[in-house]
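Please arrange chains B, C and D on chain A, whose structure you already have, making use of the hints.
Protein chains: 4
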Amino acid sequence: MIKAGIIGSTGYAGQELVRLLLGHRETEIVWYGSKSYIDQKYYQVYGNMFEIVPDTCLDDNMEELSEKADVIFTATPQGLCASLVNEDILTRVKIIDLSADFRIKDVSVYEKWYGIEHKSPQYIGEAVYGLCEINREQIKGKRLVANPGCYTSCSILSLYPLVKEGIIDPDTIIIDAKSGTSGAGRGAKINNLYCEVNENIKAYGVTTHRHTPEIEEQLGYACGKKLLLNFTPHLVPMNRGILTTSYAALSGKYTYEEVRAVYDRYYEKEHFIRVLDKDVCPETRFVEGSNYVDVNFKIDERTGRIIVMGALDNLVKGAAGQAVQNMNLLFGLPETMGLEQAPMFP
Amino acid sequence: MIKAGIIGSTGYAGQELVRLLLGHRETEIVWYGSKSYIDQKYYQVYGNMFEIVPDTCLDDNMEELSEKADVIFTATPQGLCASLVNEDILTRVKIIDLSADFRIKDVSVYEKWYGIEHKSPQYIGEAVYGLCEINREQIKGKRLVANPGCYTSCSILSLYPLVKEGIIDPDTIIIDAKSGTSGAGRGAKINNLYCEVNENIKAYGVTTHRHTPEIEEQLGYACGKKLLLNFTPHLVPMNRGILTTSYAALSGKYTYEEVRAVYDRYYEKEHFIRVLDKDVCPETRFVEGSNYVDVNFKIDERTGRIIVMGALDNLVKGAAGQAVQNMNLLFGLPETMGLEQAPMFP
Amino acid sequence: MIKAGIIGSTGYAGQELVRLLLGHRETEIVWYGSKSYIDQKYYQVYGNMFEIVPDTCLDDNMEELSEKADVIFTATPQGLCASLVNEDILTRVKIIDLSADFRIKDVSVYEKWYGIEHKSPQYIGEAVYGLCEINREQIKGKRLVANPGCYTSCSILSLYPLVKEGIIDPDTIIIDAKSGTSGAGRGAKINNLYCEVNENIKAYGVTTHRHTPEIEEQLGYACGKKLLLNFTPHLVPMNRGILTTSYAALSGKYTYEEVRAVYDRYYEKEHFIRVLDKDVCPETRFVEGSNYVDVNFKIDERTGRIIVMGALDNLVKGAAGQAVQNMNLLFGLPETMGLEQAPMFP
Amino acid sequence: MIKAGIIGSTGYAGQELVRLLLGHRETEIVWYGSKSYIDQKYYQVYGNMFEIVPDTCLDDNMEELSEKADVIFTATPQGLCASLVNEDILTRVKIIDLSADFRIKDVSVYEKWYGIEHKSPQYIGEAVYGLCEINREQIKGKRLVANPGCYTSCSILSLYPLVKEGIIDPDTIIIDAKSGTSGAGRGAKINNLYCEVNENIKAYGVTTHRHTPEIEEQLGYACGKKLLLNFTPHLVPMNRGILTTSYAALSGKYTYEEVRAVYDRYYEKEHFIRVLDKDVCPETRFVEGSNYVDVNFKIDERTGRIIVMGALDNLVKGAAGQAVQNMNLLFGLPETMGLEQAPMFP
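Read top to bottom, the protein sequences are chains A, B, C and D. Taking the numbering used here, I'd label the letters of the first sequence as residues 1 to 346. Taking the numbering used here, I'd label the letters of the second sequence as residues 1 to 346. Taking the numbering used here, I'd label the letters of the third sequence as residues 1 to 346. Taking the numbering used here, I'd label the letters of the fourth sequence as residues 1 to 346.
Here chain A stands alone, though its shape is the one from the complex (with noise of 0.2 Å):
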């Protein structure tokens, strides 16, 4: 059994790992940490685990936990992972950081878009951005994974192939997208309260969003040059979900069954990765609860662009679920353990 802990347990994404982590045969929590609820039960934060979840949460104490666990989450505010870790912990443990602190390979962009100083510069080398059906093989005996962010995982995996065999330009790539409101996390904030998120749609964040430059780097990688792009998020009066729509410039002529075939030769063998049927768009609705991630597109032949969707759940494939399966990866089991629950609508 792996011994898992969880700093952030009580945010929504770090309960969300949880609910994953107790249908995971071969892991057992061994520690909720919780900043703002210590010593209280972790059923009484989150009354859906009532007689499943008996403990109590403790401190964010990665030093003590370090010794207990094989493996630490972190899901957490931005800077605070950089700030516990240093090489005894890491000597210990496997550490997959679902913040932003170790996926932004040049501190400087992190230091701009992210307004903190990074903690822990000397670790960013050796972190694995872990975007599973990317970097696979670079994950497997790592000793820090970067989770990636929800909104990246989405516009990443449903651009990818295009962007790795040039079937568009990436000067011209637009990402338009949106997302539940438990995205916004737990905090006790008026501008998530129900009454002022329900029956109401904003963009937010717009040509400031933090998982810009985070698109723009995997990406970069894949073209094998940097771009730029325009990412803009918004806000959806509903608990779970990211659709991307994007956009882009077709770098020439190319036929449904082109693009299709790309798709299929990338993406055919990917568990999590369903290319949906043609002229089926994806909906948020049908990857609830499981770690899919939907993905389809159209031709414009009118105006020469393709549009690009995609969606997840972003507390599973963006955030948990990825988390997750990063595990299964740094400890040789299935990649699927524990994430093979189908999707739950209504």
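No lab work stands behind these hints: they were computed from the structure. Note that CB positions come from ideal geometry on N, CA and C, so glycine has one too. Any given hint could turn out to be false.
Here are some chain C residues pointing at chain D (derived, C-beta under 7 Å) [as the list claims (entries may be wrong)]:
id, residue
1, 22
2, 23
3, 25
4, 50
5, 52
6, 57
7, 239
8, 341
9, 343
10, 345
Only chains B, C and D this time, still in chain A's reference frame:
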């Protein structure tokens, strides 16, 4: 492996049964029955099942199905199961009927409240009312199970110990119930359109809802005499979940501890019934996707009444999960098999 | 033109008052009071008011305001109005208090249920309970109006004729109420976050909600004796709307027509109370944005009980609209002025 | 008093027209047309209109109606208005068509995108495109107004100044639009059921939505040449509201102030267009129930693109409110009459 066939697999309850059986390691689904989608791929009806269920929908031929399956689930409108079942079929397979056809022992009560003629009254006697926590031993070995209604399960399980022990006056019971919209089915009706249900709450079926006699019958068994009660369902703008708030006069002076002890005696060992901590009210969000029923009560000394609350997921413990629990009992499997996932929140 | 000042204009009820008064042709708002947003533009707090309300938020100085206004609305937490009001102020302006401070005649009941000391018990006697359909004549000419609670208005207006005429046994009244989330206010609390309220229904304040004694007092006046009842509120995932479903034993045999005649006698001429056609259940969507209360009832001959339903918009007839109706009475204007808009659906 | 008839008064847009005209002091509704509810009371179709509209629904007889009314609104599916209108009718009444029949000047474009034959192409020339802020003078005195589409109004009004002034390259325009579900109409379709729309977001009509050529035509007039653009609508789980997020390459270097000055020049005096403060994003909740369009933009210096956002209520400025605004122009009334209510929030 148990071979399962589902008649009515393309309704919401039928699809939930598919989801649960896919995660049940001793079962395989051999028949996806449907009235409206014959010859269509199941995943074209429910996009969440893409790349998970490759099967094509078949018709509602119970005769043919009974030769291929070990158990048949009928998740169909009232009357269909009673019109299809016969001795040959019952000799070959177990039937778990999610409709109301075999729930009510008095056929005249059934015919009056449902407004249809019962086509197989000869099997009403042998059918067992499949509320496992109450009829566990009677269910084992049966060949025909009447799976309880969603409102009914919540109402009965929350009130049962009080009625059975004479703690409340059974003639004073009032049940005010609230349900998510999946309970209304997947039929294309204006009343169930998004814009009609959203931002609204209403009562319906006031004094005439068909779950009334079912609750009365079962609670009548508990107290050993006929009783009449008020049951008022409401439609709530949410997908899943039933909450019942029940009121009754206490038959005497009782303390919290005394009543609590009664609940514990009945339910402490029941895996799927969670009696919450004092003063914690059941909420539907905390049982979503799971087979749990959350129960609690509050004594009002001012009025001498007790308020009893129950919450469950209408598609799981209120339908498909209960059906799987019954299947487990029928086939001698651990009762919780395939039903162990934690509730999904948010 | 009536000069109106609003203390607490940045809560949901306060903002609804702004919306309604902007459409009231005999009123102008001279004071946008706020505790949290002093010196900010009102439209920065409520973006809907951009280019409509150019004013800046002022503090809660009732003394100063009373010299500029003809009427003061206090849409504030309990206790504030009672702590600010004095003889000087009452000499200069009319006060319509949307809080509970002057609703309950017995100060000890107020202090017990609200858990705070009443700072101005000397004005409780002169304050009038501002439910216009019941106390119309007493309101005219008063200087201090206690605007009723949202749940209370719905409960009282739907039950009043039955209690007053002795058609039901007042000791058997049970009110099961459901409210949209704007009733919980605009405070930044985790419990009111979108993801906590959405896809959920729960009871709260069971046996202890503060609107209980207010309903008991007013219905007690109607039947001429003290009564105790059960009142259970529920939180519904929608922005606006209150539905009450009330149960009581009939005091004798009554036909639909007899009870209907009583309702008609009381309400036929009431503009804002709509007694629906037989068998039509009130729904909150059909009163949204308006000052209407929709009422109906159903007799259950089996149990001898009557089920009474009422629906209103908690921010209009349950708060701001009722307050404007009171203002109209105080200033001798047509009672419906500024309140004539049809409900907005969907 | 203007006598108004509504053909298609029982759809969502038709009912919104009823709501607005009830509050318009110079209009009375003389005809509640309906295809599905002939001879039923209007309030039985829309319960909000109980005791407000006592009228019975009539058929869609435009001939007869034209003898009773001064203006006819057709809020019907495509093709109906074109099939009913004739010279006699147009001699007697003004027609404001909320369908697409007379919006597109090139009949072959209409027939290609809508897939139906145009029954009255002879009137396309004289019909005026009823976007008042752009065609105000041309609308006055006309007898046939093509009321713009909901997505179209939002897209055009938010982009118009930039296209007209050559600030963006018109061949780079990408419009990503999001709509509430009332835009899908009141038809009984499974796809529009509560449980199918709730907790979901999806794109639809990708590259093929019929509002595309309408936007292209109108923006083409603005820049004086044909243009092709991408328009992708999405369905959002909310009742009302459209948000468009548009992307285009700037034609040169522009500062915020320069672009802002252009918007102000076009819209400062427009009552219904609100250009928000710098960095404030339009949100649909802040225009709900009103005729406002909220507009803003953000320049991305990194990519050389501008992101333009617009928000309106699809049933008001996107349909019925726009129609009333057109009626006001046609009859020489103040353009804002009956449209002055503040947006309702929450």
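Hints, one by one, checked against the model:
no. : hint : result
1   : 22   : holds, 5 Å
2   : 23   : holds, 6 Å
3   : 25   : violated, 11 Å
4   : 50   : holds, 6 Å
5   : 52   : holds, 5 Å
6   : 57   : violated, 16 Å
7   : 239  : holds, 4 Å
8   : 341  : holds, 6 Å
9   : 343  : holds, 4 Å
10  : 345  : holds, 5 Å
Comparing the model with each earlier hint shows violations of hints 3, 6; every other hint is respected.
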